[in-house]
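Dock chain B against the given chain A, drawing on the hints supplied.
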Amino acid sequence: GPKVLQIPSHQIIDMGQMVTLNCDPVSNHLYFYWYKQILGQQMEFLVNFYNGKVMEKSKLFKDQFSVERPDGSYFTLKIQPTALEDSAVYFCASSSRLGGLEQYFGPGTRLTVL
Amino acid sequence: QQKVQQSPESLSVPEGGMASLNCTSSDRNFQYFWWYRQHSGEGPKALMSIFSDGDKKEGRFTAHLNKASLHVSLHIRDSQPSDSALYFCAASEQTGYQNFYFGKGTSLTVIP
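Sequence order for the protein chains is A and B.
Plus 982 on top of the position in the first sequence (first one is 1) and you've got our numbering.
Plus 2 on top of the position in the second sequence (first one is 1) and you've got our numbering.
Extracted from the complex, chain A is given alone in its bound form (with noise of 0.2 Å):
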């Protein structure tokens, strides 16, 4: 079926620097989410975004955090500067409309913040 590709699968940063995490959605979606899971907890909603614009965001997407997909290629997400509590599984999911039993998820990109 559809796939969701996640680049990279681990990416190991120093606090304070500028981290992006890339998903390549399924081509012919339109919605796009981020989320984000601590070991140990339970996933939670980042951001959606449709359309070049962010459509809903949650109390986690702090100022540091910014998303966009330029020209139709990956969807972003870009954390700067990075925290130590940013330190998670962070999923990218698409979806050709808006709702839950549409989302195609990504495999996640595990960032560690040192």
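Calculated directly from the structure, the hints in this document are not laboratory data.
Some hints could be false.
[To be verified] Across the chosen pairs, the derived CB separations fall in these ranges:
#1 B:Gln33 with A:Gln1023: 23 to 29 Å
#2 B:Glu17 with A:Leu987: 40 to 46 Å
#3 A:Ser1009 with B:Arg30: 24 to 30 Å
#4 B:Ser84 with A:Pro1063: 40 to 46 Å
#5 A:Ser1055 with B:Ala70: 46 to 52 Å
#6 A:Met1000 with B:Ser14: 22 to 28 Å
#7 A:Ser1009 with B:Glu44: 18 to 24 Å
Backbone N, C-alpha and C fix where the C-beta goes; we use that ideal spot for every residue, glycine too.
Leaving out everything else, chain B in the frame of chain A:
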């Protein structure tokens, strides 16, 4: 306090058996509930949604919702080894994502 709690944390059932997973929310405003499944090394995949009290059946999977008790369950009959995965419950107040909460998950193992 976590808004969505799942039990048990882990569950083993024999192949062909019935697996029952539970989810309780602490917020009476929750109206919409979902079940997700995540196989090892993969991202989650939505299985079912349930928005009304009662049962909803899709193949071998049946979800049951009782809004009065804020309880939703997932029953998998004739469990298969391929059903071995982490199952998440999620709930929200409305159809948007700003108040969309996941549980920590139940790890299901189906023993051949």
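Exercise. Of the hints stated earlier, which fail here?
Worked result: Numbers 2, 3, 6 - these are the hints that the structure violates, sorted from lowest upward.
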